[in-house]
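Asks: Okay, here's what each chain looks like letter by letter:
There are 2 protein chains.
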Amino acid sequence: MTQLEAAKQGRITEQMAYVAEQEGLEPETVRELVAAGRVVIPANPNHTTLTRFTAIGEGMRVKVNANLGTSYDYVNPEEEVEKARVAIEAGADTVMDLSTGGDLAAIRARILEVATVPLGTVPIYEAEFKAAARKNFFDMSADELFETIEAHGRAGVDYITVHAGVTLATLERYRNAERVTGIVSRGGGLMAAWMLQNAQENPLYARFDDLLEIARTYDMTLSLGDGLRPGSLADSTDRPQIQELLIIGELVERARQAGVQAMVEGPGHIPLNEIQTNVQIQKKLTNHAPFYILGMLPIDTGAGFDHIVGAIGGAVAGWYGADMLCYLTPAEHLGLPTPEHVREGVIAFKLAAHIADVARGRRPDLERNRRMSEARYRLDWETQFQLALYPEAARRIYEARGTKTKACSMCGPYCPMNLVEAVLRGQRSQGLVELEVRPG
Amino acid sequence: MTQLEAAKQGRITEQMAYVAEQEGLEPETVRELVAAGRVVIPANPNHTTLTRFTAIGEGMRVKVNANLGTSYDYVNPEEEVEKARVAIEAGADTVMDLSTGGDLAAIRARILEVATVPLGTVPIYEAEFKAAARKNFFDMSADELFETIEAHGRAGVDYITVHAGVTLATLERYRNAERVTGIVSRGGGLMAAWMLQNAQENPLYARFDDLLEIARTYDMTLSLGDGLRPGSLADSTDRPQIQELLIIGELVERARQAGVQAMVEGPGHIPLNEIQTNVQIQKKLTNHAPFYILGMLPIDTGAGFDHIVGAIGGAVAGWYGADMLCYLTPAEHLGLPTPEHVREGVIAFKLAAHIADVARGRRPDLERNRRMSEARYRLDWETQFQLALYPEAARRIYEARGTKTKACSMCGPYCPMNLVEAVLRGQRSQGLVELEVRPG
Chain A
1 MTQLEAAKQG RITEQMAYVA EQEGLEPETV RELVAAGRVV IPANPNHTTL TRFTAIGEGM
61 RVKVNANLGT SYDYVNPEEE VEKARVAIEA GADTVMDLST GGDLAAIRAR ILEVATVPLG
121 TVPIYEAEFK AAARKNFFDM SADELFETIE AHGRAGVDYI TVHAGVTLAT LERYRNAERV
181 TGIVSRGGGL MAAWMLQNAQ ENPLYARFDD LLEIARTYDM TLSLGDGLRP GSLADSTDRP
241 QIQELLIIGE LVERARQAGV QAMVEGPGHI PLNEIQTNVQ IQKKLTNHAP FYILGMLPID
301 TGAGFDHIVG AIGGAVAGWY GADMLCYLTP AEHLGLPTPE HVREGVIAFK LAAHIADVAR
361 GRRPDLERNR RMSEARYRLD WETQFQLALY PEAARRIYEA RGTKTKACSM CGPYCPMNLV
421 EAVLRGQRSQ GLVELEVRPG
Chain B
1 MTQLEAAKQG RITEQMAYVA EQEGLEPETV RELVAAGRVV IPANPNHTTL TRFTAIGEGM
61 RVKVNANLGT SYDYVNPEEE VEKARVAIEA GADTVMDLST GGDLAAIRAR ILEVATVPLG
121 TVPIYEAEFK AAARKNFFDM SADELFETIE AHGRAGVDYI TVHAGVTLAT LERYRNAERV
181 TGIVSRGGGL MAAWMLQNAQ ENPLYARFDD LLEIARTYDM TLSLGDGLRP GSLADSTDRP
241 QIQELLIIGE LVERARQAGV QAMVEGPGHI PLNEIQTNVQ IQKKLTNHAP FYILGMLPID
301 TGAGFDHIVG AIGGAVAGWY GADMLCYLTP AEHLGLPTPE HVREGVIAFK LAAHIADVAR
361 GRRPDLERNR RMSEARYRLD WETQFQLALY PEAARRIYEA RGTKTKACSM CGPYCPMNLV
421 EAVLRGQRSQ GLVELEVRPG
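Residue numbers (the UniProt record's numbering), protein chains in the order written: chain A, 1 to 440; chain B, 1 to 440.
Simulated from the structure, these hints should not be mistaken for lab results. Honestly, I wouldn't trust all of these hints.
[As the list claims (entries may be wrong)] Keeping only pairs whose Cα atoms sit at most 25 Å apart, straight-line, the calculated SDA-like set for lysine to any residue is: (1) K283(A) <-> Q276(B); (2) K404(A) <-> A133(B); (3) K406(A) <-> D103(B); (4) K406(A) <-> A133(B); (5) K404(B) <-> T338(A); (6) K406(A) <-> A131(B).
[Said to hold, decoys possible] DEER-style ranges, computed between Cβ atoms: (7) Q280(B) <-> T51(A): 44 to 50 Å; (8) L168(A) <-> E340(B): 48 to 54 Å; (9) K406(B) <-> R52(A): 36 to 42 Å.
Since we're looking at a predicted model, the values are computed, not measured. Where a beta carbon is used, it is the ideal one built from N, C-alpha and C, also for glycine.
In isolation and in its complexed conformation, chain A is listed as follows (with noise of 0.2 Å):
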């Protein structure tokens, strides 16, 4: 039984226990969010190494993704296994392993190893280059995708990207349009070129049902993945793009009418002032399906730092109601990361997501800010590095820049915090040093 037939059955499962807890909030309101199909878990009971469970939609705490995986450049499965490693420590809620060179059975098994949190793949890659082995990449049959899908499932893969929208009308659209940078999903491109050669519907589209009966068999989410998504400010927000989602809106209903749990990938390149009409329009779309963002990145010009950029685009996204942001780190658009880019990465949109929490006013992430405030102005630094997101690095900074004083190294006794304070409470200090020690 799904997360999804459990809660619209009136059933708290463990999993909906357990982020009950993480969040904050009573077992029942995450059932009822879950049977509405506005909240996913992806669990798949095969995923045996899963003990971190992750709630992802409405009303939960912003989620981050990191991607990781070989590529046909770099084949190193135990650097991979390290990315997990060093993504989930830096706070990663989910990880995707979107491997395309060398064995990739062999890989994902890895992977799911030390994936204490939901994995995520995206099973064309796979089925492609089977097909590509054997002849060209063409040649792929709907049933081997299919297939591929299946053993995805068995392996414990908690959610799939499909891009189930990626449909004939879809490319008319796309055919119709003046794009700057084509399409830039690999896995989109890879459905579209594949649709394109052989003129064929997409097997995913066409045969929705038998994809859903896989997907129900293991409780894999759906992750409706955005193969027109834009590629450059200058393509965002455009036809092929809300074309793919209303026909991802209409898979949206049909995955929660078969017990399937479904959440909607969104873009990528989009400015600033139109993150709020992305993420509404995603949200009226498909009826408040949770919603996975890619980014969102507001220029197309920050090679080299695209994790500061896509953290300033996750941050606003997720405060306007995206659910889930998939992370960029610094190698994007440049290369395959490393695990340092990787832990980069998961860092600077964990640091968006909080922010996002912070905006919408959850009261616990409110509550942390405040103590953290509150250890500022007593200048108590162990309580300032356990209330820091990432105590070591700011622990590290503070130690390298050692002081004289009970203050910092920026302000020393001039710390302004000290000074009217000390003034106030009728302290007459006969100078600067003396004022160096708080009263009280």
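Assemble chain B onto chain A, guided by the hints.
Replies: What follows is chain B alone, placed relative to chain A:
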């Protein structure tokens, strides 16, 4: 004659012509905005090394300031000069020398030598320290403060932060408020402590006309400091903050009447959902004075990564109309930054400023992004590196992660932009690797 006096008389100065060229505007447009006090061009004629004039305010690109300067714990003038160089090289539009340790006048002179962009200072530090060296800092006289300000003007300082809005009325609001982090502005805190200890009105307010006279003589732009800015989300947008802003709004009008350029400093720790309000209330209460913000910082808990946190708030504030962003570095709240911290801070905030300019729909910025994306689609790496905001960082990652293909090491031959175009153009490729070569 100040830039404002010239503008009022209909004169287009060398500085106005320069910034018009930089901003892609008509010189007359710049002159009108300067005359209205909506734009300032800090340019003290005594600052002989100033060659990169900077316009701050309505209709201009969003600017970034980098703070430098020694502290009680770290007095190394060489390193501060190095920071100034690093900041300007990374794109800082202005720098501020906030030194509080060592021979302040000598350090300022050293930084002025390398400051090709406008230099700002906070003269009260030096005035208070002279008094502290003599007796204690409460012993500072008003004359001593004005003499110090005049010395900064003679030296060539282009703009000064003056906390003239920290009045007895403002402090009354402060006493009546329940703040978590009190006063966190160093200059504002020194001023408030002096006022409370001496039971006297702020001389910068009581003798504002004297201040205007000095500022006019050297065309030093007044940066009306927000001594009462919130130092935590818990204190954001509170009564003391807005009381100070009301008074600052009146002082802006007096400065304009006296022919003195003025801008207004703003918060500070502000959650994402209050940023629009903060920008709008500033613009309204100050009759559209240029708004120079510190961050804004939408969480308190990002210690170690406050350059990213601040860039997120800064991008949003810039989009809503903030005119200059004071950077934060990874060392914010923890210690005095290193030159590498300075570099990271400037980069994060320049990205934020560009994101804001794009969101405001500035044509040259949109065009740069379009050309970047066109180059990306062509897999034209050299043009991408040229158009990236930080070419060397982009090139370093791309080259470190080499590839056997014409794409990058993330997707290699599966670069989606290639796949679909190849098919659409009727290329009947027989395998994946052939698709690596972009047709035509």
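Asks: Please go over all the hints and tell whether each is borne out by the structure.
Replies: Tested hints:
{"no.": "1", "hint": "K283(A) <-> Q276(B)", "verdict": "holds (23 Å)"}
{"no.": "2", "hint": "K404(A) <-> A133(B)", "verdict": "holds (19 Å)"}
{"no.": "3", "hint": "K406(A) <-> D103(B)", "verdict": "holds (24 Å)"}
{"no.": "4", "hint": "K406(A) <-> A133(B)", "verdict": "holds (22 Å)"}
{"no.": "5", "hint": "K404(B) <-> T338(A)", "verdict": "holds (18 Å)"}
{"no.": "6", "hint": "K406(A) <-> A131(B)", "verdict": "holds (23 Å)"}
{"no.": "7", "hint": "Q280(B) <-> T51(A): 44 to 50 Å", "verdict": "holds (47 Å)"}
{"no.": "8", "hint": "L168(A) <-> E340(B): 48 to 54 Å", "verdict": "holds (53 Å)"}
{"no.": "9", "hint": "K406(B) <-> R52(A): 36 to 42 Å", "verdict": "holds (40 Å)"}
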